[in-house]
Amino acid sequence: MLKMSIPSFRKKNVDKVESSRTIGVRENTGYKVFLVFNTILMALIAVATLYPFLYLVAQSFSSEKAIMAGEVKILPKDFNVSTYKYVLSMGDFLKYYKNTIVYSFIGTVLSLVFSSFLAYPLSKKELKLTKYLTPFIIFTMYFGGGLIPNYVLVVKLGLKNTMAAFILPMMISTYYVLLMKSFFAGTPKDLEEAGELDGLSKFGVFARIVIPLSKPIIATMTLFYACMYWNNWYQAFLYLRKEKWPVAYYLQTIIRGSGANDQDAQKVSMNIRSCSMVLTVLPIICVYPFIQKYYVQGMMLGGVKE
Amino acid sequence: MKTKKILSMALVGSMVFSLAACSSKDESTTATGVTTVPDKIETTTEAEKKEGYEYGLGKTFHSDEKVTYTMFFSDASWYAMQDTWKTEGVFKKIEDMTNVHLEIISYDSGDYMNNVTLDINAGESAYIIPKIYDDSAFVDGGAIVPISDYVDKMPYFTDFYNKYDLAPDVRTITRSNGKYYKLPGMKEQNALNYTFVIRQDIFKAAGVDVEGMEATWTWEDLLEALKTVKAYMVSQGMCKESDYIWSDLWCGGGSAQGNGGNLLNVVATTYDVNAGWGMGNGLRFNFDKDEWYFSPATEEYKQYLTMVNAFIKEGILDPDTFTQEDDQATTKFYNGETVIQSVNQSQMATTYSKCAENLGEGNFELYYTIPPRSKLYNYSTAGSNRLENGVMISQRALDELGEEDFIKMLRFVDWLFYSEEAYTLCKWGPKDEYYEIKDGKKVLKDGYCCGGLGYGNNAEGTLTDIRLQWGYAGGNFWYGHSLAEMTDNYTDELNHYVFSDVENREIPRLAPGVAPTEEQNEQINLIATPLISAVNEWSLQFIIGQKNLETDWDEYIETIKSNDYEGLVNLYNEVYKASK
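Chains as they are written, first to last, in our numbering: chain F, 212 to 517; chain P, 12 to 591.
Do not take every clue at face value.
To be verified - As a list, the in silico DSS-like pairs of lysine-lysine whose alpha-carbon atoms are at most 25 Å apart:
| no. | chain 1 | residue 1 | chain 2 | residue 2 |
| --- | --- | --- | --- | --- |
| 1 | P | 324 | P | 313 |
| 2 | F | 453 | P | 104 |
| 3 | P | 164 | P | 77 |
| 4 | P | 238 | P | 386 |
| 5 | P | 164 | P | 70 |
| 6 | P | 386 | P | 558 |
| 7 | F | 306 | P | 313 |
| 8 | F | 296 | P | 365 |
| 9 | P | 97 | F | 455 |
| 10 | P | 324 | P | 558 |
| 11 | F | 276 | P | 251 |
| 12 | P | 174 | F | 453 |
| 13 | F | 426 | F | 306 |
| 14 | P | 452 | P | 104 |
| 15 | F | 296 | F | 309 |
| 16 | F | 339 | F | 455 |
| 17 | P | 365 | F | 288 |
| 18 | P | 174 | F | 284 |
| 19 | P | 174 | P | 70 |
| 20 | F | 288 | F | 309 |
| 21 | F | 453 | F | 296 |
| 22 | P | 313 | P | 104 |
| 23 | F | 306 | F | 296 |
| 24 | P | 365 | F | 276 |
| 25 | P | 51 | P | 588 |
| 26 | F | 371 | P | 97 |
| 27 | P | 61 | P | 77 |
| 28 | P | 442 | P | 103 |
| 29 | F | 453 | F | 306 |
| 30 | P | 51 | P | 238 |
| 31 | F | 288 | F | 276 |
| 32 | P | 251 | P | 190 |
| 33 | P | 103 | F | 453 |
Just so you know, these hints were derived from the structure itself, not from any lab.
Please read these numbers as outputs of a predicted model, since none were measured by experiment.
Assemble the whole structure, with the sequences as input and the hints as a guide.
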């Protein structure tokens, strides 16, 4: 399991936030009533969130006939694994799955490298250009070039139908860069100076001192970027031909019933759709419970300013 | 301070200039008419052997030198394009015959229009853009050629247009500048698509002979027939008195947005009014008065509502029809709970196989009947407009090829989309290779099947599907053509209901084309959108019985009056008169 410690100078912030949640709250009757209602409410929300997924899982293990007859609620009916066998034996699904894994891996690595390269210098207030560059970067959060100019750019660069068209346009997220920037800004200057005194270059300080001390934000960003690439279908819709699709886009086409406007359109069976959805979200669902705390932590660490 | 003042003045100046530019009235704001589309197209009498290529009516287009044209392709996931289509299938055969290499840019059919729109707007369009239903988004951009300027150069198009009198139909796609931008798929006559399938075994057992009565039956006759069938089913314990034996699809949630979709369109057409999928802006044309009127405000509309309401009042038609998802409706039919439902040509095979799966082979009999008529009119519901989706040609082709080579390309397009030779090639493949003529009818040879042609069951997987393997019978090439060509692959059942409709029903006259400008269109939509929404809401309440047709009708008329249906009619008639 992923295990990382938060540096003590960071922990102070987290503890401050954690303790503020409990200070001043008394174990009186009102609080107990609140707890009961809160638990019920949270349970209801949990059920509402979980049910669609359980329903999908149940459908994926049921026969199409049972689904059509509306007999599948929460448990599979006519339990079978033939749909899984069928989906996994289809060349297409595995091909798209492989594409997704490749895009997510390469994209995440590149995103982390370039985002941290950008965030680190921006975190240095003493650099004169920082205060002029930061607004330009923030500007891109609110204003984009627009769909057509972006599309033309990618096409004219000769990137259409390449992996680069999928990764490059979303490789650096401004929001994530800003989170990293404020995390890096909290790294004690003394440590960096000590590194420099010991003969490290600027890059050496960054690679050997700052990055090792920034594991929480790196973990969070890894998760953010990986999820972003895993779930993204829009870039594929814009730039990729069929053989290069990620599984998310393939899933999208089978869910909506590709070619719904055509009279000769054929719907993909419900159990195949459900099974594909389950298989697609499975990796994220498996990993998420173990690293979800870094989501919250990373946000807090990047977002809280001293 | 001075700089600020200058800057402010400059900004104000530029704003005034922009506003003035916006308000200037240019020629395009006035409709110039649809009558510029001629009744017959005069073809140019050029030699049919041009320098570098051969073309002409009855001839195969052939380029002396190999040429390449780019073409978009709508790739359907259920018969996705394979490399073999290019190396030995449909594209290869086209190239062999014409010496034209088609460079295919394919997009998934579900996102086809989005991708094509993006490419066109980005200036990256292919030369040939097939499978276009609505071209309105491209008309003003200048990226698409006004093809009406060139159709006289296309012998196959011209021949079909003149032979089957398609001018009134083509006028319906003509824009306010008098031009059209899409080469439409053209049909000699519409073949009925949406109709009804019944459980013939139960009808027969109940003593109802649909086959004998369908030629002249009315909706009242259908109601009586279904009452008889239901009484029989109740007596046999097949259903309860409270059950509905008709629960239809394409009317509720997804496919019809809860507005009655197909069923209301079918019934309303027989009363000569607009409803369901055919609601549009509610307007219909009165040929005697030469003007448009709002059909949901007419006595015929009230009669149509009364009729549909009767099916619900009598406990025959399930009121859930107008809210449920399609799957819910079909499941009831496949399980034998209902005995009638809507069906279209592409659903016939599925309907049979699902019934067989659920009811067991040999335990049921299906019959495809034609929709009843109303007491007022004997109208077919196949539709009056004989145009299909079509092909646009990008301005890029004209710019890059130059006019002479552009016309050469058009003549290739003409052959590909309008000649019988290309139609048959794209649909059946080369003659004697995959199909042969038996008793005057095209049939696939042994060893082959084709989902696209609707026959050739490949349950054992021993047959080769010519659509999956080589791309024949796909949806990109063959639309329209003569009735004989369109129906040359139909099964006996399909032929039976299509030709029963042709023989027993009349095609209503096609309303004249009206070409509003963009601004006029906006005005029309501004009134029509809330108005139609009110009409749909009231209509469903009348049908389901929440409102009473006798006591609430006046209130309904008042409501749609307050939504300005009269204003819509006046506006539309003005546009119509201006564009005459």
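A quick look at each hint next to the structure:
The hinted pair formed by residue 324 of chain P and residue 313 of chain P meets the criterion: a straight-line CA distance of about 16 Å does not exceed 25 Å. Of the supplied pair hints, the one linking residue 453 of chain F and residue 104 of chain P holds, its CA atoms being roughly 24 Å apart against a limit of 25 Å. Only pairs whose Cα atoms come within 25 Å are accepted, and residue 164 of chain P paired with residue 77 of chain P is accepted, the gap being roughly 21 Å. Between the alpha carbons of residue 238 of chain P and residue 386 of chain P the distance comes to roughly 19 Å, so the proposed pair stays at or under 25 Å and holds.
Under the criterion of a C-alpha separation no larger than 25 Å, the hint pairing residue 164 of chain P with residue 70 of chain P is consistent with the structure, at around 15 Å. A C-alpha spacing of about 24 Å is found between residue 386 of chain P and residue 558 of chain P, which places the hinted pair at or below 25 Å, so the restraint holds. Proximity of residue 306 of chain F to residue 313 of chain P is assessed by CA-CA distance (about 57 Å); at most 25 Å being required, the pair is judged violated. A C-alpha spacing of about 23 Å is found between residue 296 of chain F and residue 365 of chain P, which places the hinted pair at or below 25 Å, so the restraint holds.
Proposed proximity of residue 97 of chain P and residue 455 of chain F is supported: the alpha carbons are some 19 Å apart, at most 25 Å. Straight-line distance between C-alpha atoms of residue 324 of chain P and residue 558 of chain P comes to about 12 Å, which keeps the hinted pair within the 25 Å bound. Between the alpha carbons of residue 276 of chain F and residue 251 of chain P the distance comes to roughly 24 Å, so the proposed pair stays at or under 25 Å and holds. A threshold of 25 Å between alpha carbons decides the hint, and for residue 174 of chain P with residue 453 of chain F the separation of about 42 Å lies outside it, so the pair is violated.
For the suggested pair residue 426 of chain F and residue 306 of chain F, the alpha carbons sit about 33 Å apart, so the restraint of at most 25 Å is broken. Pair hint residue 452 of chain P plus residue 104 of chain P holds up; C-alpha atoms about 23 Å apart against a cutoff of 25 Å. Annotation: proposed proximity of residue 296 of chain F to residue 309 of chain F holds, straight-line Cα distance about 17 Å (limit 25 Å). A C-alpha spacing of about 44 Å is found between residue 339 of chain F and residue 455 of chain F, which places the hinted pair above 25 Å, so the restraint is violated.
The suggested pairing of residue 365 of chain P with residue 288 of chain F holds, with an alpha-carbon distance near 19 Å, which does not exceed 25 Å. Under the criterion of a C-alpha separation no larger than 25 Å, the hint pairing residue 174 of chain P with residue 284 of chain F is inconsistent with the structure, at around 58 Å. Our distance criterion of 25 Å between C-alpha atoms is met by residue 174 of chain P and residue 70 of chain P, whose separation comes to about 18 Å. For a cut-off of 25 Å, the pair hint linking residue 288 of chain F to residue 309 of chain F is broken: about 31 Å separates their Cα positions.
Taking the CA atoms of residue 453 of chain F and residue 296 of chain F, the gap is about 23 Å. The hint holds against a cut of 25 Å. Simply put, residue 313 of chain P and residue 104 of chain P have alpha-carbon atoms about 55 Å apart, too far for the 25 Å limit, and the pair is violated. A distance of roughly 15 Å separates the Cα atoms of residue 306 of chain F and residue 296 of chain F; the hinted pair therefore holds under the 25 Å criterion. About 9 Å separates the Cα atoms of residue 365 of chain P and residue 276 of chain F, which keeps this hinted pair within 25 Å; it holds.
This hinted pair checks out: residue 51 of chain P and residue 588 of chain P have alpha carbons roughly 22 Å apart, not beyond 25 Å. As the CA atoms of residue 371 of chain F and residue 97 of chain P are separated by approximately 21 Å, the hinted pair is consistent with the 25 Å bound. For a cut-off of 25 Å, the pair hint linking residue 61 of chain P to residue 77 of chain P stands: about 15 Å separates their Cα positions. Between residue 442 of chain P and residue 103 of chain P the alpha-carbon distance is near 15 Å, which keeps this suggested pair within the 25 Å criterion.
A distance of roughly 11 Å separates the Cα atoms of residue 453 of chain F and residue 306 of chain F; the hinted pair therefore holds under the 25 Å criterion. With a C-alpha separation of about 51 Å, the suggested pair residue 51 of chain P and residue 238 of chain P falls outside the 25 Å cut-off, and the hint is violated. A distance of roughly 9 Å separates the Cα atoms of residue 288 of chain F and residue 276 of chain F; the hinted pair therefore holds under the 25 Å criterion. With a CA separation close to 59 Å, the supplied pair residue 251 of chain P and residue 190 of chain P exceeds the 25 Å bound.
As the CA atoms of residue 103 of chain P and residue 453 of chain F are separated by approximately 21 Å, the hinted pair is consistent with the 25 Å bound.
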